[in-house]
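Trainee: For reference, the chains in residue letters:
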Amino acid sequence: MDFKATDIAAFLNGEVVGDGNVKVTNVSKIEEGKPGTLAFLANMKYENFIYSTGASVVLVNNSFIPKEKINTTLIKVNDAYEAFASLLDLYMQAKASVKKGIEQPSFIDETASVGKDIFIGAFSYIGKNSKIGNNSKLFPQVHIGENVTIGDDCILYAGVKIYDDCIIGDGCILQAGAVIGSDGFGFAPQKDGTYKKIPQIGNVILEDNVEVGANSTVDCGTMGSTILRKGCKIDNLVQIAHNCEIGENTVIAALSGLAGTTKIGNNCRIGGQVGFAGHLTVGDNVMIGAQSGVSKSLKSNQILLGSPTLSIKDAIKSITVYKNLPQLRDEVIQLQKEIKTIKKANN
Amino acid sequence: MDFKATDIAAFLNGEVVGDGNVKVTNVSKIEEGKPGTLAFLANMKYENFIYSTGASVVLVNNSFIPKEKINTTLIKVNDAYEAFASLLDLYMQAKASVKKGIEQPSFIDETASVGKDIFIGAFSYIGKNSKIGNNSKLFPQVHIGENVTIGDDCILYAGVKIYDDCIIGDGCILQAGAVIGSDGFGFAPQKDGTYKKIPQIGNVILEDNVEVGANSTVDCGTMGSTILRKGCKIDNLVQIAHNCEIGENTVIAALSGLAGTTKIGNNCRIGGQVGFAGHLTVGDNVMIGAQSGVSKSLKSNQILLGSPTLSIKDAIKSITVYKNLPQLRDEVIQLQKEIKTIKKANN
Amino acid sequence: MDFKATDIAAFLNGEVVGDGNVKVTNVSKIEEGKPGTLAFLANMKYENFIYSTGASVVLVNNSFIPKEKINTTLIKVNDAYEAFASLLDLYMQAKASVKKGIEQPSFIDETASVGKDIFIGAFSYIGKNSKIGNNSKLFPQVHIGENVTIGDDCILYAGVKIYDDCIIGDGCILQAGAVIGSDGFGFAPQKDGTYKKIPQIGNVILEDNVEVGANSTVDCGTMGSTILRKGCKIDNLVQIAHNCEIGENTVIAALSGLAGTTKIGNNCRIGGQVGFAGHLTVGDNVMIGAQSGVSKSLKSNQILLGSPTLSIKDAIKSITVYKNLPQLRDEVIQLQKEIKTIKKANN
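Protein chains in written order, with our numbering: chain Y, 7 to 353; chain L, 7 to 353; chain C, 7 to 353.
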């Protein structure tokens, strides 16, 4: 971007204080502001920085009254944070909208179809009978298998790989290297100790507005589907096994993993490095702390922590005692001695 | 696929009950059956579903006698589950056999050689002196370095990356994004606090029928080889460090990691998110529960759990007491009070 | 490589004992030596192997005096380990220097610039305004976004993906599948339970001599930068969230993860599968054992272990008691009985 302060003020319905001709090309935090950037001041905890910031333009609330001389251009608006966020949204949209067309070389099977206003980066591959919706962007080196449906307004970053038969809803974002639809980890033990692969013929369904993080993996159903419901958000390096189901607006942080056929409800928040055994059912509004290990099904509306999981209250109590276990043990030894003494005296 | 019920029955040596002309194009679970799909009923726990399933055809055991009216076409066979599995195998083989030839653009070095009936997807790369065996399938965007050998009947899904000098046996399956032969994590600390990279010049050997999951990583040996023995199966997002060795038919679940030079025996089963320290030796037939941390070598024929690992029996006992630690502590405090009282009374 | 023993001896300033015309094409460990390979003997623990090794040439210290007949060619040098290491370095340089030029098809935007002596593998992509320094090697299928800077002497292995605006210093090595600059995991909860994506407009800065492992992920700053300082080394499958900072020469092992805005100091060593909560500050020279969970900021110069982290000494004490918790519990029950008996007797 490359905007004059007066243009930004006009867009935001704001008032310029200072040099309206100064231009910005990027944004910054007020404490890290550099010339040519736009910052904002909403939380007065950061007020000090406005008197020394290098940012060329700072958005402030109408109510802001400087206590010292300010060297930067101000734009006064109703709500500086909201104004900044709306500028960012605009910036992201503008940036995304530049990506259009089909770069060469790319591979689009003749039976595949692509919508309007799409972007397909070089070295991307779209297999037989697959469909890409309107306004979706496939960055370079994306792989779309056969019979895949990608909805409208999706972004698939570089190197995303989608196996055959998967269905991706509208407005989904897949970060680089994410794998959707890899084979479930299913093997039938044979009498000679070897394993025979169980064919994995299901698919993955991502409903609308799902985000999957970089290098995360979502296995297809053995039969049927692995499903990520509307609006759920998966961080980087997360493993979701075959036939799992993640509820609407549920959030899972990095390096967590679900074993097969586990279902998590809506509006849950799962910390990083959490593990779930297979075939569990977790209710709605469950929060699970980082590094927890979930081996049993869980009812709705709980906050849990630990491996095994306890209520957050009990987990903290057990942790506290755990830290002092050596002292507890010494106290028990001391008690044993005292009782010995008492018994001797009593005899 | 697109098969008539009578054709399927003929293939399975089964008997059609109902409309033999109905066609199926996919399979389903009986409880999720849709028109045009084939399901099976083997476990009578699911009998209820056969009276309401939407599946067009259901495989049943010869011994099955319906209690209610059935609206779907039945195929009676000796063993419905076996019959279904054999159809799936057939389906997978048929599907795989369609992939043949070399898509363009791809990059095959003039010194590389490829066998018969191979598939090489677009944007795949085969480096100098590498060899691809007969009937192996490289999906798009696969990278094969130099002097790599890939055996017969392998499947390398999209974006698999294999470094120089690695050897992949027959019948191996590498899921999308798997990395084989990346540099081991070896650095020599220098006097100034920096690290000097130790050249990693070994390779990775995958013996026959090994499967490696999506986005898993197997480092090359520093010198010598990192070895995955015949028939071992590695899930998604697993890290196997330099010079490790995984025994035959050993299974490792997602997000587990081995530090360098650790050897695991045959027919072990390792749960998810398990960690192994370096330079350990683990025997045969060892089972290790999810999230365990293994810091010592382990003898054969054990079931272990926890970090540190204990026998499954001891681990469960310690976990049980751990959950009640706050109560145990209260009991010790109570004992201290009582002893104080007793001592006071005795004086 | 393909060298005669006499040539190697000349390069190392060493003395040949035995057949100087024997040729080697690879290196090996002395205990795994095969014909045509060069090994070394520095640690006399391995002396036995020199009498039976299959290696064609073995480097030994000048001081080495055989106790038995030796069938292989020896090269006597001042320091066999150092000599071997210098040969390996030479080998790696020779190998790397062969990779030169721009393979086709590749995609280099007309506004991008590349330095001298670079290698760009087939199917690699370099976006608008990006710059690749001198002597850097991009293996096939690498993705470089827009406005990216790659320094001199870097190696980006197959399928590395770098998002827009990231800055990579000199001498960095990125293993296959590593993702640099993916969106931070930031979402603003809305009143209806859904999440709104917070634009992630920052970047990632890798200073000089940073190594990032295979399939690891480093998110961009939400605003500002995620920074990996000079000489830090990140293993495979590590997650580094938005706005984190990793200090100089800090080493992080596989499957570890940092939540957002956490800063780790210089010369730290972090084990595998360690998790850090967000917004923490960790000092310099901190060592953290594998599978630890760090939920609080940490001062410099500590060795810690556990989840929650304790000093290594305290952690081991707590672990020891933990293993014997069932016994401790039995002892407490025994004490309760004895006190009951004493009280009864006293009454």
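Check before you lean on any hint, since a few could be wrong.
Heads up, the list lumps identical chains together, so a pair's fine if it works in one copy or across two of them.
[To be verified] Computed list of lysine-lysine pairs in DSSO-like fashion (alpha-carbon distance at most 27 Å, straight line):
| # | residue 1 | residue 2 |
| --- | --- | --- |
| 1 | 29 | 134 |
| 2 | 105 | 305 |
| 3 | 197 | 51 |
| 4 | 202 | 106 |
| 5 | 35 | 134 |
| 6 | 319 | 329 |
| 7 | 305 | 329 |
| 8 | 302 | 323 |
| 9 | 302 | 51 |
| 10 | 197 | 236 |
| 11 | 51 | 236 |
FYI, nobody ran anything at the bench for these hints, they're computed from the structure.
Trainee: Please go over all the hints and tell whether each is borne out by the structure.
Mentor: Verification of the supplied hints:
1. 29 - 134: Close across copies (22 Å), not inside one copy (48 Å); limit 27 Å.
2. 105 - 305: neither (45 Å within a copy, 46 Å between copies)
3. 197 - 51: between (68 Å within a copy, 26 Å between copies)
4. 202 - 106: Cα proximity of residue 202 and residue 106: across copies only (24 Å, versus 45 Å in one copy).
5. 35 - 134: between (46 Å within a copy, 26 Å between copies)
6. 319 - 329: Intra 16 Å, inter 12 Å, cutoff 27 Å: intra and inter.
7. 305 - 329: Cα proximity of residue 305 and residue 329: across copies only (19 Å, versus 29 Å in one copy).
8. 302 - 323: Both. Shortest intra-copy (21 Å) and inter-copy (17 Å) distances satisfy the 27 Å Cα cut-off.
9. 302 - 51: Between copies only: 23 Å across chains, 44 Å inside a chain, cut-off 27 Å.
10. 197 - 236: Between copies only: 16 Å across chains, 43 Å inside a chain, cut-off 27 Å.
11. 51 - 236: neither (37 Å within a copy, 32 Å between copies)
In summary, the structure is inconsistent with hints 2 and 11 from the numbered list given earlier, while agreeing with the others.
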